[in-house]
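Participant: Sequence:
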Amino acid sequence: MSKDMTDYISASAAQTLYGLFRERLNKTPDSPAYINYCEQTQQWQTISWSDAAQQIAYWQQALKAEGLSPGDRVALNLKNCPEWVFFDQAALSLGLITVPLYPDDRPDSLAFILQDADVRFLLLQNHHQWNRLKPSLSEDHQLKRVIIKSADKLTLDAPAMYLDEWLKKDIIYPLLDWQTETDQLATIIYTSGTTGKPKGVMLSHHNILSVASASLKHFKIQSNDLFLSFLPLSHTLERTAGYYLPMMTGSKVAFSRGIPQLANDIQQLQPSALIAVPRIFERIYQRLHTNVSSQPWYKRFLFLLTHKIGWSYFLYNQQRRHWSPIFLLMPVLDKLVAKNVQALFGGQLRVAVTGGAAIPHHVAELFIGMGINLLQGYGLTETSPVISVNTLGDNQPYSVGHPIPTVKVKIAENSELLVQSPGNMLGYWNNHKATAKTIDSDGWLHTGD
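To convert a position in the sequence shown, counted from 1, into the working numbering, add 1342.
Don't take every hint at face value.
As the list claims (entries may be wrong) - So the derived label-pair ranges between C-beta atoms look like this:
| # | residue 1 | residue 2 | range |
| --- | --- | --- | --- |
| 1 | Asn-1633 | His-1470 | 33 to 39 angstroms |
| 2 | Lys-1495 | Asp-1791 | 47 to 53 angstroms |
| 3 | His-1703 | Gly-1735 | 16 to 22 angstroms |
| 4 | Lys-1650 | Leu-1479 | 23 to 29 angstroms |
| 5 | Pro-1477 | Lys-1406 | 28 to 34 angstroms |
| 6 | His-1703 | Thr-1632 | 15 to 21 angstroms |
| 7 | Thr-1632 | Leu-1657 | 23 to 29 angstroms |
| 8 | Arg-1474 | Ser-1354 | 42 to 48 angstroms |
| 9 | Asn-1772 | Asp-1736 | 39 to 45 angstroms |
| 10 | Gln-1457 | Asp-1736 | 43 to 49 angstroms |
| 11 | Asn-1633 | Asp-1499 | 49 to 55 angstroms |
| 12 | Lys-1681 | Asp-1791 | 34 to 40 angstroms |
These aren't lab readings, by the way, just hints derived from the structure by calculation. Glycine is no exception: its CB is placed at the ideal position from the N, C-alpha and C atoms.
Hey, can you work out the whole structure from these sequences and the hints?
Facilitator: As structure tokens, then:
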């Protein structure tokens, strides 16, 4: 957890996801919360918790004016940005249920989700998304309002309008008190699965808060850490571990401009914490391998030597092998080679967590051997999502680590992994049959793995 425990907010203190924000605001109102790139100034700008609170208050009033009722579903299809947080917090404070969408999802898939969840309000990145989506919507869709974030100033037909016209900022509003309970449904996250239509995973405030809190026991996060957010916030891992978890510790979150600018963003922002899927590390590995292959033989030799000795040194620090005199070379090799690899991640990276798929052994070995603290974990959207993750002191890169506190696992007779966790979903939206098949009468969630 955070070194300064007075900054930490527990799940019980927060009660709800909006309660978490209110607690954070009370503790550190003037501390930096978010860093975002401003296209107008071409500079990174910092947003404090009190700045965020004022923006959320604007969103609360605008949503309140739409006549939405607690329990109504509202969806957002944005790239990672402060507005994602503002909308999410404002909606949750009003008892609304947020439905995050993937920006690159197919229009027919998005239309199905909007129809299945009876979504009444939709927030989009730009008018191109709306133009692509409209032909796929059914005639009886429930959308009462569509808000477009980018101000392209093209003519929009009802129910669509631009954000700067909809969001009134002429009056300073106070934050509203929350209208939700900890066990109340907070969000519906649609997961495609392997066959059939997407299923809506129902997660409560308690589901997400309990997993975020328990995860902090496995990878220690400090209030001065800086997260770089680039995995879509519609992905449960990024939302739980890259959005709500940093709010618990008071850590900053910087929003990447996108995958094309990711390498530059890492260099400029120098994050200390990173949440990523294996393919990100695989891409960096491939570029690194291509670059090293074109170097003179002695540089290739030094790279390989650093990798091999660094990996052995890691095993020694994990108490899995004996000390060797060759480790005396580490300071020199670190300066000549490893520091250059660490610089690819900004040079300040303290911990990187990967999940969503298995990371190839050779990729994990290389980066760990070069001094990158890479921790692999495992989870499902249905478990909010973290089930297990490695720790810095007991890191088994070929495994997904031990279950986080409060999570129980067992192997069924058919060798399937079963999970009991406070993060286990409430069920699938409008799909009692699938819910009964996934969660048995004893409360064990069947992972399918």
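Participant: CB of His-1703 to CB of Gly-1735, is that within 16 to 22 angstroms?
Facilitator: holds (21 angstroms)
Participant: Falls inside 15 to 21 angstroms, the C-beta gap from His-1703 to Thr-1632?
Facilitator: The hinted range 15 to 21 angstroms holds for His-1703 and Thr-1632, with Cβ atoms some 20 angstroms apart.
Participant: Given the hint of 28 to 34 angstroms, check if Pro-1477 and Lys-1406 actually sit that far apart at their C-beta atoms.
Facilitator: holds (32 angstroms)
Participant: That 49 to 55 angstroms hint for Asn-1633 and Asp-1499 (C-beta), does it hold up?
Facilitator: holds (51 angstroms)
Participant: Is 43 to 49 angstroms respected by the C-beta to C-beta distance linking Gln-1457 and Asp-1736?
Facilitator: Holds - the Cβ-Cβ distance for Gln-1457 and Asp-1736, about 46 angstroms, lies within 43 to 49 angstroms.
Participant: Please test the hint of 42 to 48 angstroms on the beta carbon pair from Arg-1474 and Ser-1354.
Facilitator: holds (43 angstroms)
Participant: In this structure, is the beta-carbon distance linking Lys-1650 and Leu-1479 contained in 23 to 29 angstroms?
Facilitator: For Lys-1650 and Leu-1479 the Cβ distance comes to about 57 angstroms; the hint is violated.
Participant: Kindly confirm whether 39 to 45 angstroms is satisfied by the beta carbon distance between Asn-1772 and Asp-1736.
Facilitator: holds (42 angstroms)
Participant: Given a hint of 33 to 39 angstroms, does the C-beta separation of Asn-1633 and His-1470 actually sit inside it?
Facilitator: For Asn-1633 and His-1470 the Cβ distance comes to about 36 angstroms; the hint holds.
Participant: Regarding Thr-1632 and Leu-1657, is the given constraint of 23 to 29 angstroms on their beta-carbon distance met?
Facilitator: holds (28 angstroms)
Participant: Honestly, do Lys-1495 and Asp-1791 meet the 47 to 53 angstroms range at C-beta?
Facilitator: holds (49 angstroms)
Participant: State, for the Cβ atoms of Lys-1681 and Asp-1791, whether the hinted interval 34 to 40 angstroms holds or is violated.
Facilitator: holds (38 angstroms)
Taken one by one, the earlier hints fail for this structure only at number 4.
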